[in-house]
Amino acid sequence: MISPIKIWRRQKEIRKILGKKGKILVWTKIFTPGTDFKKYAPYPVVMVELENKEKIYGQLVDYEKEDLKTGREVVSVLRKVREPSIDGVIAYGVKFKPL
Amino acid sequence: MVGIVSYGFYVPKYRIKTEEIANVWGKNSDDVKKSLLIEEKAVAGIDEDSLTMAFESASSALSSVNIDKSKIKVVLFGSETHPYAVNPASTILAEFLGIEKNYLAYDTEFACKAATGAMISAQGLIKSGYSDYALITGSDKGMGKTHDVLEYTAASGSVSLLLGKNDLILELLDFESFSSDTPDFWRREGIRYPSHGGRFTGKPSYFYHIEGSAKSLFKKTGLKPADFKYSIFHMPNGKFPIQVAKSLGFSPDQIKDSLTVNYLGNSYTASALMGLMPVLEKAKTGDLIFLCSYGSGAGSDSFALRVTKNLQKRRKEFTKIVNDKKYINYPTYLKYMEMI
Amino acid sequence: MINLIGYYTTQFGELWDKSLFDLVEEAINGVLKQTQLSNKQIDAVFFGNMLAGVLGNNLHSTSRISEILKVNIPIFRTEAACASGGAAFNLAKSYLEANSNKNVLVIGAEKMTDYSPEETITGLSAAASGEEQEAGLTFPGLYAMMANFYLEKYHYTEENLAYVSVKNHFHGSLNEKAHFRKKISVEDVLKSAYVAHPLKVLDSSPISDGAAAVILTNNRDLINKQKKSVSVLASEVVTDTISLKERKNLDEILATKNASNIAFEKAKIRRRDISVAEVHDCFSIAEILAMEDLGFWKKGEAGEKIKELSTKFGNGGSLIVNTSGGLKAAGHPVGATGIKQIGEVFLQLTGQAENRQVKNVKYGLAHNVGGSGGTAVVTILAI
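Protein chains in written order, with the numbering used here: chain A, 86 to 184; chain B, 205 to 544; chain C, 8 to 390.
All the given hints hold, so there is nothing to weed out.
Every beta carbon over 10 Å from chain C, so not counted as near; a handful from chain A, in silico:
hint	residue
1	P89
2	I90
3	G104
4	E149
5	E151
Stretch-level coverage of chain A by chain B, calculated; a stretch enters the list once three of its residues show a Cβ under 8 Å from a Cβ in chain B:
hint	segment
6	95-101
7	159-169
Since the hints were made in silico from the structure, they are not lab data.
We put the beta carbon where it would ideally sit given N, CA and C, even for glycine.
Produce the entire structure from the sequences given, and follow the hints as far as they go.
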């Protein structure tokens, strides 16, 4: 179980980067994930540069193959980020959607 | 006068067609479509839940207005698929939206009418002066057992309404609520999928309560079906709302715009509210709208709403947005719904 | 003057019968035997290991080693992800610079195959930042981002990367202790399944068990007595941000560049003086970047140059890279790699590299990286 306190602290940071636009700097697609991400595999992960120059990582969702390229415009959305244990706190975080 | 100040909706990108499901179970898809009047339904992604969808619809509602968030002192989250059995999603939602911390929040449950019931409570809190605004969300990632009729109808979606007393787009003229103990559709604690009473969900349940609630509102206000430009009913399938509209005396023209169930399915607490979305795309100043929800167990909330001149500046595109969709197949549907 | 006077490595691979400390014990006994020293002649021990705490719930390994060695001397453990071994060596050298007439044992070891691949991948991702882990970026994912960036910027394809694995597998076939002994072709690499696009199974180093140990000394009498001995000219550790996204440039590992520049300056030799090098090829792209960051090849050139295979044993090149098989073919028991790399250079410089012996070698270099470039260690040895 992930510490609920860590999730709580993290969510205060998540709030600040929701609904922000940016461009994909670099991407990859993960085929062999760690335990917490097994059910989402395979999934793309992108490094995005936001309009304020801040850089954020996140999975790319609701995408087509053509969206996986450098420079593609994306927006940050709220999604579940890890497989919670059946009795653990749900971790919500940032993922990206092509604009 | 209390009413709706702004609104927002969220429908996930994915759709599954009725025939895709019917083919798996060896059913004739034309028969299924004819009996349910549903072509396809909306399916949330594997990493979406009622909270993430509520955030999208609520963000949209708040983006239409420039208000001081500290004036939103009521946040109510209605769902049948709450992320937790115990832990309020309403505060998770409020926190992500930047609403803090002097506010009343709670999660509501009354099957598909959890959100409209909350609207009634919220308008009282605004009228009494406790709060200037109230944020109400109906959001569901509707579940249905495989090889059951609910599999074709249970869908995902969210609608959020910001209630207030100034700068309204819709005036809440009056409302009524009708309740009883009727076990037509239910889900026990710890059980994944809801169960239902088959044909019992019809006449003694859906129709009885909607008719009871609607007639009660008509009597109270002196309004008749003919006075309304649009009527919107809860949509468990494509047939029931058309039938109840007719039996109450509404014409097909009055209901045709609201039938989102045909192409989005039944998003439970967001169902009737979703029907309001295409209506607001075209409604004109002065139009009267009749909105009637139904929640199994059972009860119905009716509302008489009047469009103001402010709708024009806060109107949102709906039809174009929901047509940006992607079809998925049955195994992907099971994966997204975490059924496998 | 600090010299390396002995080296022992266990087999690298899936060593089901051996626990972590079985491997540590084997390496300790092996190197003591090699140098004909007794345990009582060791004055301090430095131990490099990354995952014993995370995967095996084993910490306080220093005390465990005291139990194995049966002595009551200072023992320290270092952790710098995959550079744990190199960092341990660096600290051992510093210890000898501060204490005269001492002998130090440096061990690197890792046990990874007792756990499911998902557990191990999750453990390895502890070398990445919290945000990287939260985004589901595995270790291969981080290097894959660097690979995509490099390939796009310098207009190369996945094929250029494949040559690294082909060369290193050829070397592995010459090394008895390597995890993989089979030669592979470019086609084999391109056909293998994706791990994190564009890196495939055959672009990636494996999950292996293993331990390696060296003995360092600044005791002149002992150095003169030893038949095989090399001097440590430089060992430099440089760190950089843990987050890939916070780095200045995505097509280089700055920590490597800086460590390399400082090391060559301290050693007072030039890049072309190096004839053998063990560089950190955790993924094929890592060797490509290393050749540029260490200063052997110009920025952006490595993708093209690797195809010439001038760094492959037997092709007559002036610099042969990763004769051990690299991480790719020899295996990558994380904590052990840094020591194995230094040990391989030692074998080359002292003429003990058998069928993979490079001729006329005077200077050698070992390059060890932690995480996606958060730590780099560059060591230069000379005979």
